[in-house]
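Peer 1: Produce the entire structure from the sequences given, and follow the hints as far as they go.
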Amino acid sequence: MNVTDIIDHLGTFAFAVSGIRMASARNFDWFGAYVIGLVTAIGGGTTRDILLNVTPFWMQEPSYLLVTGLALLATLLFNEKIYRLQKTLFLFDTIGLGLFVVVGIEKSFGAGFPVWVCILMGTITGSVGGVIRDVLINEIPLLFRRDIYALACVAGGLVFFGCQYLALSTAVTSILAALSVILVRLAAVKYHIQLPTLKSDISNK
Amino acid sequence: MNVTDIIDHLGTFAFAVSGIRMASARNFDWFGAYVIGLVTAIGGGTTRDILLNVTPFWMQEPSYLLVTGLALLATLLFNEKIYRLQKTLFLFDTIGLGLFVVVGIEKSFGAGFPVWVCILMGTITGSVGGVIRDVLINEIPLLFRRDIYALACVAGGLVFFGCQYLALSTAVTSILAALSVILVRLAAVKYHIQLPTLKSDISNK
Amino acid sequence: MNVTDIIDHLGTFAFAVSGIRMASARNFDWFGAYVIGLVTAIGGGTTRDILLNVTPFWMQEPSYLLVTGLALLATLLFNEKIYRLQKTLFLFDTIGLGLFVVVGIEKSFGAGFPVWVCILMGTITGSVGGVIRDVLINEIPLLFRRDIYALACVAGGLVFFGCQYLALSTAVTSILAALSVILVRLAAVKYHIQLPTLKSDISNK
Numbered sequence: 028m029n030v031t032d033i034i035d036h037l038g039t040f041a042f043a044v045s046g047i048r049m050a051s052a053r054n055f056d057w058f059g060a061y062v063i064g065l066v067t068a069i070g071g072g073t074t075r076d077i078l079l080n081v082t083p084f085w086m087q088e089p090s091y092l093l094v095t096g097l098a099l100l101a102t103l104l105f106n107e108k109i110y111r112l113q114k115t116l117f118l119f120d121t122i123g124l125g126l127f128v129v130v131g132i133e134k135s136f137g138a139g140f141p142v143w144v145c146i147l148m149g150t151i152t153g154s155v156g157g158v159i160r161d162v163l164i165n166e167i168p169l170l171f172r173r174d175i176y177a178l179a180c181v182a183g184g185l186v187f188f189g190c191q192y193l194a195l196s197t198a199v200t201s202i203l204a205a206l207s208v209i210l211v212r213l214a215a216v217k218y219h220i221q222l223p224t225l226k227s228d229i230s231n232k
Numbered sequence: 028m029n030v031t032d033i034i035d036h037l038g039t040f041a042f043a044v045s046g047i048r049m050a051s052a053r054n055f056d057w058f059g060a061y062v063i064g065l066v067t068a069i070g071g072g073t074t075r076d077i078l079l080n081v082t083p084f085w086m087q088e089p090s091y092l093l094v095t096g097l098a099l100l101a102t103l104l105f106n107e108k109i110y111r112l113q114k115t116l117f118l119f120d121t122i123g124l125g126l127f128v129v130v131g132i133e134k135s136f137g138a139g140f141p142v143w144v145c146i147l148m149g150t151i152t153g154s155v156g157g158v159i160r161d162v163l164i165n166e167i168p169l170l171f172r173r174d175i176y177a178l179a180c181v182a183g184g185l186v187f188f189g190c191q192y193l194a195l196s197t198a199v200t201s202i203l204a205a206l207s208v209i210l211v212r213l214a215a216v217k218y219h220i221q222l223p224t225l226k227s228d229i230s231n232k
Numbered sequence: 028m029n030v031t032d033i034i035d036h037l038g039t040f041a042f043a044v045s046g047i048r049m050a051s052a053r054n055f056d057w058f059g060a061y062v063i064g065l066v067t068a069i070g071g072g073t074t075r076d077i078l079l080n081v082t083p084f085w086m087q088e089p090s091y092l093l094v095t096g097l098a099l100l101a102t103l104l105f106n107e108k109i110y111r112l113q114k115t116l117f118l119f120d121t122i123g124l125g126l127f128v129v130v131g132i133e134k135s136f137g138a139g140f141p142v143w144v145c146i147l148m149g150t151i152t153g154s155v156g157g158v159i160r161d162v163l164i165n166e167i168p169l170l171f172r173r174d175i176y177a178l179a180c181v182a183g184g185l186v187f188f189g190c191q192y193l194a195l196s197t198a199v200t201s202i203l204a205a206l207s208v209i210l211v212r213l214a215a216v217k218y219h220i221q222l223p224t225l226k227s228d229i230s231n232k
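Chains as they are written, first to last, in the working numbering: chain A, 28 to 232; chain B, 28 to 232; chain C, 28 to 232.
Everything labelled a hint here was simulated from the structure, so no lab data went into it. Only true hints are included.
Far from chain B, some chain A residues (derived; all Cβ distances over 10 angstroms): (1) Asn29; (2) Asp120; (3) Phe140; (4) Leu185; (5) Ser196; (6) Leu222; (7) Pro223.
Here are a few chain B residues that face chain C, going by a calculated C-beta distance under 8 angstroms: (8) Ala50; (9) Asn54; (10) Asp56; (11) Gly59; (12) Val62; (13) Ile77; (14) Pro83; (15) Met86; (16) Pro89.
Derived DSBU-like pairs (lysine-lysine); straight-line CA-CA distance at most 30 angstroms: (17) C:Lys114 - C:Lys217; (18) A:Lys114 - A:Lys217; (19) B:Lys134 - C:Lys134; (20) C:Lys108 - C:Lys217; (21) A:Lys134 - C:Lys134; (22) A:Lys134 - B:Lys134; (23) A:Lys217 - A:Lys108; (24) B:Lys217 - B:Lys108; (25) B:Lys217 - B:Lys114.
Fair warning: this is a prediction, and the values are worked out from it, not measured in the lab. Cβ atoms here follow ideal geometry from the backbone N, Cα and C, with glycine treated the same way.
Peer 2: See below:
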């Protein structure tokens, strides 16, 4: 278990907790909450793997299901305290996002896809889990209205291939790309940076 | 056409009718009702096959589309009577569930996946069709709040591999696993067994 | 770039604009609107390719993402004027539909699937993008209640294989099939042809 694995599982934990807490706000039962947590954590990577036409990553390694179980247990036991840990969880979530994006890019690049597909796959890895979660709890995905969550993923992808163009080492490239995702996301949240909305006088039905 | 095929198609019929009746409660047109019925019946197995990276089962055998057509026809012709047959349909539905779970497990096991993946695939085969149905009719999936539907599938999976561990024959293993799903489901409905819900004072947004 | 490519991209443009305008009616931000436009345009073909177990078409050719970007730009710049162009867009949309259906059929037939699968895949190519769009904006898919949109796709598929049975040339077959989709769709909209709805006194739930 190396550093990447640890970050990967911390990120999974944070993503799962975010899903479980949304489910608990809607009085889902334990099983429903577990599924929402799991889908939030693995939905992005699963979508990526289906598009890349490979076996989804969590079918080769049971730890993602176990970590989601731990996230459920933690929410059940320490609900109040987890609430107080909100900032820590946000940090895990953001660090996890950075790593997920890099993992998505590297996996797609290793499969021989062009740069623009890899950036897209990194973004999908980081953001589609939350979209599926929102569809399942019957809400319009936050992604479409919120701060520049997905654009942080795209920024990380651009930095990744910028570093590669400069022939930096794989480790440095990965770290700088993940850091870019994390910093853009943190800055967007801190300074309430948002994209303009499309306003329209036109009701189209 | 052997016993398995007959049960498979009765289950498909019952799943399809359940979807069509939900669609008709929302005044969908015939085509919409057909699609909802079809998705309810084949959505779980399709998700499983996509995750297993094989061609979906219904693309190799048109009978699932025909059975769904029959389900639509039956609902159009005998709407009242089908209502009175509710108990029979519930039975078909539950027997179908038992079979779907076993089929899902066997197909995944045959593809070389480990036990925990197979149990998960059995559960997905049995329950994801209803989830997609609920997403399409714009409701929060019943699965996340209802009786222990999905856990009946998991129970069947555990029995399946318990029997296999005991080196029972394939036929006995399949029958006992399917029976477990059916009995757990029937008991859960009869005695209103439910999982606890996650309650939360925390509104998270 | 031949005639097929031009129609393909005009259709993509029209599908994307329809998604972007729905997103703008809900005050999505630019990114959200782009994603909804993209999903509307490529969702059907992506679903088809996943079911056929091949790499999604847009991962091999960036022009679909660019055309969606142009659609967003055009909506931002000429919102009012695009409104006035509604009839032109409807025409693009319908011509695009005709082509998408034929492309879906041909791709599935080339992959060796039987006729009924190909007709289904043509229909999926033409209509699933709109379904995913509606799920993401949290509405019951129009497809299930509207005019005979999907049946126009099925009609095109029947004509396709009718022509093939008559041993007409590939070009003539494609053109006649696409024209059938277009004409059935135009006729259905003009004369308000709709399928009957399934009415039900039975509340099931």
